[in-house]
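If you're matching them up, the sequences are chains A and D in order.
Numbers given in our numbering equal positions in the first sequence, counted from 1, plus 34.
Numbers given in our numbering equal positions in the second sequence, counted from 1, plus 34.
Simulated from the structure, these hints should not be mistaken for lab results.
Every value quoted in this text rests on a predicted model; they were computed, and no experiment measured them.
Any given hint could be a false lead.
Stated by the list, open to error - Here are the simulated BS3-like pairs of lysine-lysine, each with C-alpha atoms no more than 27 Å apart in a straight line:
| # | chain 1 | residue 1 | chain 2 | residue 2 |
| --- | --- | --- | --- | --- |
| 1 | A | K126 | D | K72 |
| 2 | A | K72 | D | K122 |
| 3 | D | K122 | A | K122 |
2 protein chains.
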Amino acid sequence: MTEKLKDDERGTLVGPLLATGWEMVEGRDAIRKTFEFKNFVEAFGWMTQVAIWAEKLNHHPEWDNVYRTVNVVLTTHDVDGLSALDVKLAGKMNSLAE
Amino acid sequence: MTEKLKDDERGTLVGPLLATGWEMVEGRDAIRKTFEFKNFVEAFGWMTQVAIWAEKLNHHPEWDNVYRTVNVVLTTHDVDGLSALDVKLAGKMNSLAE
Chain A
35 MTEKLKDDER GTLVGPLLAT GWEMVEGRDA IRKTFEFKNF VEAFGWMTQV AIWAEKLNHH
95 PEWDNVYRTV NVVLTTHDVD GLSALDVKLA GKMNSLAE
Chain D
35 MTEKLKDDER GTLVGPLLAT GWEMVEGRDA IRKTFEFKNF VEAFGWMTQV AIWAEKLNHH
95 PEWDNVYRTV NVVLTTHDVD GLSALDVKLA GKMNSLAE
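This is chain A alone, in the form it adopts within the complex (with noise of 0.2 Å):
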C-alpha cells in the first residue's frame, strides 16, 4: 500500500534526488525536473522507455513536451503528495536519461 513519504524519509529519499536536478514544486507536496536532450527523437524515445516503466510501475507523471524538451512532474494523487513511488521513477527517469 503506497503511503505519503514520512519526514525522516524526505531527508533519506528525495534529498538525493534535488542533487540531481529535481526540485520541490512551489505550493505543492510534488517533485519537478526539466530534462533536455539532442533532438526530438531522442526526447520522445526517453519518454516512450519511461511510459513503459510508468505502465509496469502503475505510477504515471505529469508531463510535457515540446521538441527536446520534456518538462516532468511527479506526485502521488492517492496520497495527496509525495510517495515511494515517486522516488522510484524520478530515479528511473534520470538513469534512462544518462
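Dock chain D against chain A, hints included.
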C-alpha cells in the same frame, strides 16, 4: 517553403478542424485540442503514432499528458503562426484517435 496561412485559407482549412474539437488559442495564432483516451496505454500509444508522424513531417506539437488525457497545441514557430503543416498534423491526430 512553409508560409503562414492566408485569411481565405483559414476558412477552408482551419474551419473544418474547428468542427472536430480544435479551437483557437487565446492570444496566439495556434490551435488546441484535448484528446481523452481509455487509459494511459491508449493515450501514450496514440502519442507514439503521432510522434512518428511529427518527425516525418518535421513538425512537432506542444503537448502534455496526464494519465489518459493529452492536451495538444499546434503552431508553426518558423512563421510565428498557423501554417498548412498544423492543419496536416491536426488532421492526422484526429484520424489516429478515431
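The hints, checked one at a time:
1. Under the criterion of a C-alpha separation no larger than 27 Å, the hint pairing K126(A) with K72(D) is consistent with the structure, at around 25 Å.
2. A threshold of 27 Å between alpha carbons decides the hint, and for K72(A) with K122(D) the separation of about 25 Å falls inside it, so the pair holds.
3. Proximity of K122(D) to K122(A) is assessed by CA-CA distance (about 39 Å); at most 27 Å being required, the pair is judged violated.
Of the numbered hints given earlier, the model fails hint 3 alone.
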